[in-house]
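**Student:** Read off the chains here:
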Amino acid sequence: MKRDDTMSKHVRNLLLAVLTLLPAAVMAGPSGQALSFTCAGCHGTDGSSVGPSMPAIAGMDPEVFVDAMKDYRLDKRNPSIMNRIAKAYSDEQFKEMAWFFASQRLHLQPQVTDAALAKRGAELHQKHCEKCHEEGGRPGDAGTLAGQWMPYLQYTMQDFLSGKRDWPRKMKRKVDAAIEDDGADAVSALIHYYGSQH
Amino acid sequence: MTNIDRRAFIRGAAGIAALGVSAGFPALVLGAARRVVVVGGGVGGATAAKYLRKLDDTISVTLIERKPSYTSCFMSNEVLSGERTLQSLTFGYDGLRRHGIEVVQDTAVGIDPLQKIVQTAGGGKFQYDACVVSPGIGFKWEAIGGYTEEVAATTVPHAWNAGPQTELLRRQIEAMPEGGRVIISAPPNPFKCPPGPYERASQIAMYCKHHKPRAKIIILDPKDAFSKQGLYLEGWRKLYGYGTDNSMIEWISAAGGGKIEEIDPETLTVQAEIEEFQGDVVNIIPPQKAGAIAFAADLVEGDWCPVDKRTFESTRHKGIYVLGDASSAAKMPKSAYAANSQAKVCAAAIVNRFRGLEPGDPTFVNTCYSVVGEDFGISVAAVYGLNSHTNTIEPIPNSGGVSPANASAEIRKREVSYAHSWFKNVISDMLE
Amino acid sequence: MPRRIMSNRAARLWVVLLTLCFNPALQAALEQPTGGLMIDNFDPETGKRIIPNERCLDCHGDEKQKTDVRDDGTPVKIFVHKDEIEASVHGKQSCNNCHVTIDRVPHRKAPEVIVGCIDCHRDTWVQYKDDPSGKHKRLKVVNEQIDSYMQSIHAQPNSLDQSRTNATCYDCHEAHNVGELGSIQRAEKRLKNPEVCGRCHEEQLKAYRTSDHGKAIFEKGDSESAVCSDCHTTHEIDSPETDKAKLAITKNCGDCHEEEQRTYFDSYHGQVHRLGYTNTAKCYDCHGSHEIKGEDDPTSEIHANNRLENCRVCHEDANDNFLTFWPHGDADDKEKYPGLWFFKVFMQALIFGVMAFFWVHVMLWLYREVMDRIQGKGFIEDMDKPDIVYFRRFPVAWRWIHGLFAISTMALILTGTTLIFSHTGWAKAVVVFLGGPLMEGYIHRTAAMIWLGIFAVHLAIAVSNIWRKRGEFEWFGSTSMLPNMKDMRDLRDMFKWFLGKGPRPEFSHWTYWQKFDYWAPFWGAAVIGSSGLMLFMPEKTALILPGWMFNIATLVHAEEALLAAIFLNSVHFFNVHFRPERFPMSTTIFTGAIPFEEFRHDHSLEYERLVASGEINNYLVRRPSRRADLAASFITSVLIMAGLALLTLVLIGLITSPS
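Protein chains in written order, with numbering that gives the first Met the number 0: chain A, 0 to 197; chain B, 0 to 431; chain C, 0 to 658.
Among the hints, a few may not be true.
Said to hold, decoys possible - Pairs of lysine-lysine, DSSO-like flavour, derived with a Cα cap of 30 Å: (1) B/Lys-66 x A/Lys-86; (2) B/Lys-139 x B/Lys-258; (3) A/Lys-126 x C/Lys-128; (4) A/Lys-130 x A/Lys-171.
No lab work stands behind these hints: they were computed from the structure. Please read these numbers as outputs of a predicted model, since none were measured by experiment.
Construct the complete structure from the given sequences, taking the supplied hints into account.
**Tutor:** Here's what the structure looks like:
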């Protein structure tokens with residue numbers, strides 16, 4: 000068994016190596032760019048969304064992208080439409096799209112925020128969130144928070160808090176602590192803080 | 000744990016590099032700058048124009064559109080419920096001009112595929128290396144007795160291209176007495192925006208629920224099934240009493256005699272197969288075919304324009320590409336998102352052709368939201384690939400589909416907000 | 000969050016956003032403020048995420064939060080000292096170059112701490128081996144250490160948990176704080192070494208703390224004092240039960256205690272040890288190991304009250320006289336060991352005197368015979384008419400005695416000099432070939448018994464011969480071995496002849512050099528025999544002699560043996576075999592007969608005397624048979640070869656001798 004596995008791995012690696020050498024045109028399947036272009040109708044040109052419920056995915060961390068797509072494919076996130084779309088793609092295609100969006104510059108739209116809330120959010124962020132969502136939640140391995148569309152963030156937090164989406168490791172502890180610190184408005188304050196950044 | 004492997008990275012990086020190279024590709028190498036003439040400034044045409052420039056800004060792109068601005072058909076049903084104004088659906092072409100596209104307000108009247116010239120009503124002649132034709136739909140006026148372009152403009156609007164007729168229909172509904180009856184005649188397949196007639200009924204019902212709660216909306220349908228049917232019925236049951244005696248919406252299928260034969264615009268009486276229906280407001284959505292220029296340029300077989308699905312190049316004339324509703328792009332629906340998606344495939348194919356490269360494998364997506372009522376949105380989505388053996392665009396198996404049945408109120412509500420965000424992004428992707 | 004609040008806020012937001020998005024003044028999109036693209040955070044070669052160390056230190060460098068909570072709720076230390084890392088040799092490395100399992104930050108699952116020190120150091124060395132900048136030069140040492148580690152007991156699977164090794168790199172190395180050569184970190188690390196080892200080796204640390212070494216480290220912070228790794232090595236660590244470890248530890252003691260090691264190697268204990276065997280006393284057998292202390296400390300193993308215990312571990316019957324043995328006796332230290340010094344000076348003067356005299360004798364003789372031959376003089380055998388008549392010079396008994404004497408002497412030289420020259424490769428090889436020091440000891444003593452036995456037999460025969468002829472025995476007659484005045488004159492005349500100032504002297508039955516050869520073993524037997532017997536039976540010897548006699552016995556036994564070895568295999572060989580008149584050899588000692596003409600030439604006085612007395616006919620024999628001649632030539636050749644080989648080995652040993 001094990002031997003077969005490693006054998007087929009060898010064969011696969013060999014094939015991959017050969018494929019890498021071939022020009023892109025010979026490769027079967029649409030290019031990462033072609034795949035990613037189809038997302039623009041919902042997520043904006045090159046992933047810079049202008050619609051507040053659709054998250055910006057330009058400049059997104061590619062591994063976070065792939066994780067998200069895989070979770071959607073497995074119906075692991077409170078699904079609306081992405082789960083249906085994600086089922087159409089292979090892991091390899093996820094990766095190619097991930098690289099495409101990681102190569103794009105994120106254009107943020109200004110959002111209207113409550114300055115007082117945002118200020119409190121900034122403090123809460125520094126205290127509870129900054130270590131994972133570094134630099135105020137700039138795009139990174141913990142996703143894109145800074146400048147992200149607030150309705151989208153709202154939905155996401157709703158899903159976490161209602162148990163519709165699994166918490167990332169350690170995040171529940173931190174959010175609980177933030178809520179304990181600042182009451183029920185803590186999440187809202189944080190979202191306003193993120194929305195206030197561009 | 001995800002590992003972005005090297006191959007994916009290289010492909011990604013190569014894509015970026017290709018863009019970078021193309022941006023600075025000297026015209027000398029390619030000879031004179033390549034010219035693309037795009038006929039039609041709808042989703043297909045505008046998107047194609049923008050993405051051509053995005054993929055290769057050495058290409059000179061001219062967009063010929065008869066109207067000074069674009070009014071989106073999608074979301075225009077919300078005008079009927081009063082949720083939005085027609086103005087909110089209208090956008091100029093300055094965004095495209097900022098991409099370096101020459102936008103010409105004129106009407107294309109002919110295309111010479113040999114000399115590669117597009118001729119306009121205003122007397123313009125536009126030389127092209129590739130021509131993209133995205134004219135949208137035309138109507139088969141002859142299909143319904145008594146229904147003419149003039150009738151549509153004055154008393155029985157089709158309102159199937161957003162514009163004055165949309166506002167006319169809105170005014171008629173507002174003017175309708177309480178307890179009045181709205182008749183909507185849905186078209187046979189294939190037609191633009193398959194869920195549209197049913198969303199229209201929903202949006203009118205949404206208005207009536209608050210302002211004319213005893214009003215009736217009857218959909219006369221020459222089909223026995225329609226897009227997102229289960230979800231519509233779920234929404235109608237929940238919001239408009241569908242299935243009860245007091246249902247605000249009634250759907251009469253082909254089997255029930257829903258196909259109409261003629262209309263009397265004077266009495267607003269519609270003759271259907273089995274019985275006559277008289278309404279206070281009548282909205283006839285006629286059977287459809289490709290837009291006029293497609294016929295003038297000899298791109299049509301039957302009602303629609305056959306194309307090579309890999310490139311959207313017309314199978315009748317080389318160098319001319321037909322996109323969107325006018326093309327025969329089964330199994331994709333005739334929708335805004337589909338046109339947007341096709342336009343990008345087509346733009347990439349044209350750029351590749353100019354560079355002497357084979358077109359890549361195409362990939363398409365369609366997403367479509369419908370707002371059935373307050374806080375009740377539904378959607379359909381599909382990802383498509385090309386079956387090159389049959390030259391058909393086929394959905395990727397085990398993916399796509401409509402919103403789940405009996406979803407939570409939260410999900411339905413979110414889909415309304417997604418619908419509006421979707422709208423902004425589609426508009427932005429084609430025009431900004 | 001309460002839904003009500005949120006939906007209110009969301010509703011307000013909607014209104015504002017709708018206006019905003021269609022307001023061209025505000026609609027201008029904002030650029031992502033950071034300069035680079037997300038893709039820049041990934042390595043273009045491998046596609047792997049580049050995780051800057053600062054990112055790691057966000058959490059792991061936070062002084063305020065040095066611990067975190069594991070998924071199971073238990074606390075875990077996560078703090079890493081930023082300045083330490085940056086000052087360490089790995090300061091420029093990415094954290095996840097070593098922490099290879101870390102590919103996501105924040106970590107998606109509890110990270111396994113797997114650090115592949117070995118692979119990385121090996122691969123990097125392979126990659127930069129030929130780098131001319133020399134930046135990675137130190138990696139060569141690191142890789143040698145790795146190789147050593149891989150052979151060490153620490154790299155063996157742990158007996159309780161086979162999935163782990165006994166110890167791995169970072170059990171000892173604080174990877175975040177590895178200093179460059181000469182850095183403060185390294186000095187600090189040295190002082191910390193006992194505690195690092197003591198994490199596992201608790202008992203040993205406890206003992207070490209009480210030792211002089213330990214006190215210097217812990218109380219004085221003296222980084223010059225010995226720490227664990229100085230004796231046990233850093234990477235070649237083995238169980239102290241193995242020979243390899245025992246040898247290494249002794250060698251390492253000597254790294255600091257050079258004098259003590261040198262004098263130890265002069266002792267029998269040290270000589271055997273230096274040959275690579277551990278059956279004799281080593282440093283720690285007497286001094287103790289972890290609890291090592293000075294001799295004045297009553298708890299010290301080498302305190303006068305405790306020392307005999309240690310001797311008795313091997314020498315079960317050791318008595319108090321053992322205490323007067325000088326384990327580090329130094330013959331060069333006139334102040335501390337005047338007796339030993341005297342014997343050394345005497346023996347060396349003897350060797351030098353004898354050898355100097357005879358080598359001059361040899362050189363001049365050679366010169367003279369060569370000169371004579373050039374002038375056509377001297378004794379030249381007529382090859383066309385070989386002698387058919389021989390003179391019988393040695394009876395059978397003497398021939399046997401000489402043969403056995405030669406063989407046993409050579410065996411003694413070979414086995415004995417391996418100890419004197421235990422520093423040489425040949426000595427080690429010979430001991431291995433012979434089957435180890437114990438077997439070598441048996442061979443040496445057996446040969447010594449044979450030698451002494453022959454000596455005794457000869458004495459008995461000689462005495463009985465004299466006794467039988469006691470009436471007529473001429474003590475200074477022509478066949479007597481006793482030196483006489485003529486020998487002195489012959490010696491004088493030989494030198495005259497050498498220098499061309501006189502004729503070659505006429506000799507009687509025994510020449511003066513033959514008499515020297517005969518009497519030398521008497522001296523040798525006395526000196527080597529008695530000292531050898533003392534060393535053979537130390538416990539018995541100590542019953543009557545003080546312990547320092549072993550030091551003297553060891554010294555004179557060796558020096559006298561050297562004298563014999565060099566003299567026999569050079570001077571004796573020249574006189575008998577190699578001088579041109581005899582070259583290449585004389586087989587007389589084995590055939591017992593000497594060619595008549597040669598006898599006439601070399602012993603002309605005796606010839607004339609025998610002719611005059613008519614006794615000559617009693618001594619004339621036929622030429623030895625061809626077979627006897629060949630056999631004698633063969634035996635002589637072998638012995639000469641063996642002797643020359645021994646001489647060569649001895650000279651090699653002398654020349655390469657470290658002291």
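**Student:** Each hint should be assessed against the structure and marked as holding or not.
**Tutor:** Hints and how they fare:
| no. | hint | verdict |
| --- | --- | --- |
| 1 | B/Lys-66 x A/Lys-86 | 40 Å, violated |
| 2 | B/Lys-139 x B/Lys-258 | 15 Å, holds |
| 3 | A/Lys-126 x C/Lys-128 | 48 Å, violated |
| 4 | A/Lys-130 x A/Lys-171 | 14 Å, holds |
The structure fails hints 1 and 3 (numbered hints given earlier, in ascending order).
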